[in-house]
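Go by the hints and put chain D onto chain G.
So the chains spell out like this:
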Amino acid sequence: MASAKSLTRSETRKLRRVIVVGGGLAGLMTVIKLCEAGVAVDLFSLVPVKRSHSVCAQGGINASVDTKGEGDSPQVHLEETAYGGDFLANQPPIKGMCDAAPGIVFMLDRMGVPFNRTPEGLLDFRRFGGTLFHRTAFAGATTGQQLLYALDEQVRRWETVDAEDERGERVAGERMVRKHEFWDVIGLVTDDDGVCRGIVAQDLKTMAIQSFPGDAVCLATGGCGIVFGRSTNSVINTGTAASAAYQHGACYANGEFIQVHPTAIPGADKLRLISESVRGEGGRVWVPRDAREHRPGRDVPESGRDYFLEAKYPGYGNLVPRDIASRELFKKCFHESRGVYDVKSGKNENQVYLDVTHIPREVLHKKLAGVLEIYEKFVGEDPYTNPMRVFPAVHYSMGGLWVDFERSSNGSLVVGSPKNQATNIPGLYACGEVDYQYHGANRLGANSLLSCLWGGMIAGPAIASYRKSLKKSAWDMPSSLFERAEKREQKKFDAILAMNGPENPYALHDELARTMLVDCTIERHNPTLDRVIAKVEEIDARSRQVGVTDTATGKMNQGAQFVRHLRNMIVLARVIANGARARDESRGAHYKPEFTQRDDAHWLRTTLAFHQPGEGAAADAVRYVRSFDYSLLGQSTHVTDEVDVSLVRPRVRKYESAGAASGAAKGS
Amino acid sequence: MPNDRQVKLRVLRQDGPGQKSYTQEFAAPWQPRMNVISVLMEIQKNPVTVAGEKVAPVVWESVCLEEVCGSCTMIVNGRVRQACSALVDHYAPNGETIAVAPMTKFPVVRDLVVDRSRMFEDLKRIHAWIALDGSHPLGPGPRQSQDNQEEAYPLSRCMTCGCCLEACPQVNAASAFIGPAAISQVRLFNLHPSGKMHASERLDAVMGEGGVEDCGKAQNCVEVCPKEIPLVDSIASVSRDATKQMLFGWLLK
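If you read the protein sequences in the order shown, they are chains G and D.
Using my numbering, read the first sequence as starting at 286 and increasing by one per residue.
Using my numbering, read the second sequence as starting at 4 and increasing by one per residue.
There are no misleading hints in this set.
Once the Cα atoms are required to be at most 25 Å apart in a straight line, the calculated DSS-like pairs of lysine-lysine come out as:
| id | chain 1 | residue 1 | chain 2 | residue 2 |
| --- | --- | --- | --- | --- |
| 1 | G | Lys840 | G | Lys777 |
| 2 | D | Lys108 | G | Lys464 |
| 3 | G | Lys840 | D | Lys23 |
| 4 | D | Lys127 | G | Lys464 |
| 5 | D | Lys127 | G | Lys490 |
Residues of chain D placed beyond 12 Å of chain G at every Cβ, according to the derived structure:
| id | residue |
| --- | --- |
| 6 | Arg82 |
| 7 | Ala95 |
| 8 | Ala176 |
| 9 | Met210 |
| 10 | Asp217 |
| 11 | Glu226 |
| 12 | Arg243 |
Hints listed in this document are in silico derivations from the structure and should not be mistaken for laboratory results.
Note that this is a predicted model, so its numbers are computed, not measured.
The beta-carbon is built from N, C-alpha and C at its ideal position, and this holds for glycine as well.
The shape of chain G in the complex, shown without the other chains (with noise of 0.2 Å):
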């Protein structure tokens, strides 16, 4: 197979770039791996990327290197990162993730990371939810921005690099890096043989619509939270841009899994995270013995105090990985309403106490400064003196784009294989939440900075490895190949701005939350799932009757943007309403009182759902399949709903008794 005769330049001499989506970690990692294998980049994102989502992590990045001296090894973080999804994850992707992650803190502590450090100066690690090891590095309570800034500027140094063409000529006018800020992604351009070839996107100051040709695309949109309307996503996690590539036919996999994060503040607008580094560093969860307990937290004597996350599992107490402890937190709150007592509203309110009121201020302000003062600041209350009051909110989607991953013969995973992180679309690549592949049914904290890193890591010199092989430039294609996706977007964006029916987008969108928040999220159960999937049909076909706010044309117009995103948030909600409503078994984060055991027989699989179009009258649909063939250059390749569990042996999760996430941790 002969490939294009020159790897930098199209036939008509333009410069061949490659498109990744979304500048939070993921997205820049992609970037800065792919720079560094001579690939010039177009780089997409819904804001100046130093605002991405990334800046919310707080906690810190998980990896294995054993600066305490406690016997923790990357083997140990692979089994625990697998124990803690319940199975659910491939493990040749963790394990090459678990192995690398040493080495990815290294480069982000070279790259200027202000980590916390030791008396000797040695990055400093402290505990997280999972595990019994001091495995996260950290960066106050803000390590998310701290490691998004880092990248930020290492992209930014690439966007003052000229490119050249592989005889090391300087190719006229053009940097290795080229920033879209404030572009919202709407569509994929695909050839007649499926292959993506680039994207549609829409400038957001102009809203003028606008495709762009790239040798691949790599979506680093990041999650979904959006969906469940206020959870401690940032307001730009709608999932649009993963939600247009699965109407476009990419896979979407695992949807049903949403992370409940145990501790958030409740609020107007968002639900503020309270980072589990807060239970890390010795924060303890508590709600009062007396359920009518009138006194503030800080005057509950210790014998008024029940501390029922140790109480129930003496092993990793506070720290059981979160969908556990959420559960927890509600059964207090909803089912024996023993949350904290308002005395103004006569009602035991959905908030359990989260203390560190007992740690010394001064170790608080040096860890955790950077959370304490978000509670400060958004509650009005000083945390160092008063125990927090907060509640569970949705906080991160382990389900995703499907993508695929090529194994090595020790387990892991062959990098530069143009497969890894690969979608089934040929071309179309994901990494970073937007991606389902390494946290199977439930996410351990401080491993999302990991994955998103490590997807980055191997998605550059996959497409790298993706683009030598590839027969024909994107840059090659036929210019009425974009005109016409061009035309499609635009005629999608123009239907839009003359609709005029009652309903108004933003109050749809409440209401489409509420249902998806309520129903859909700690607890399922299968006759509520009915009426959810009922709903979302509803508010489907209501979305066709919704007037825009804003008619604006020529200018930033963000009524008829949110337009768009309702409709593709509308999409996700169905496939993971669907998959909820399907998987009749409780694992990690998806709970059912009616099938409390998780189900190995029947569904240690993995949901693969694609996007059925609706024809004429008719509504989309979810088509669920057990398998499919998809083609990579010339290859095809056949996938199933089959997990590869080759590393850790699947057996029950018991988070009561020390060690029992890892074998090779109860006997260090």
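Chain D in isolation, oriented as in the chain G frame:
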């Protein structure tokens, strides 16, 4: 429960770049723990002014809503800040009208959205990065003392939000002053054990016109910084280093 309580918001609006600005007033039902952003969100659901006119909803920029991304920076009751942490009960305990306006030191895109790209361009100019050899495995980074980390970390929390530029009298249409944020980043990177190796490049970038010596020492920057970054100390420190470089730099070459 006073469930008929309303929150009143006066918004300085502008339809597009270079166009005339005008004021509109809105009211939204009060909810517990409301902030300025949640009021704007309520207005989206019912974009009608208090005068009863149906209008396009107000356009603004926001992302994280927890004061770590810097997006929603605007002027609230005359003072620049992030709107997400501007709590309604603090500003309007007795139903006062809250006034919001776009920042004035950056070009308006629409309503409360301004174009802050110059700040990111400034970060290029001062080489605000570590000159990394590559992202491949090269072992641990340089050891650093806890003191060094504790000096660097607060500087590294700069969100590029623009509050300090907005408040600085020296930053204006007639001046080329780079502003406090970028100068503080010079200090940050020159503190790092590997960043130090390129300290003179960064100092060169803030010497001369528009550089650190254009600071008028009004000290407004440190007053408005939402992350309490010691900007005045940074300016003083960079100024000292720049002076040293100017006087003795040629000796070191």
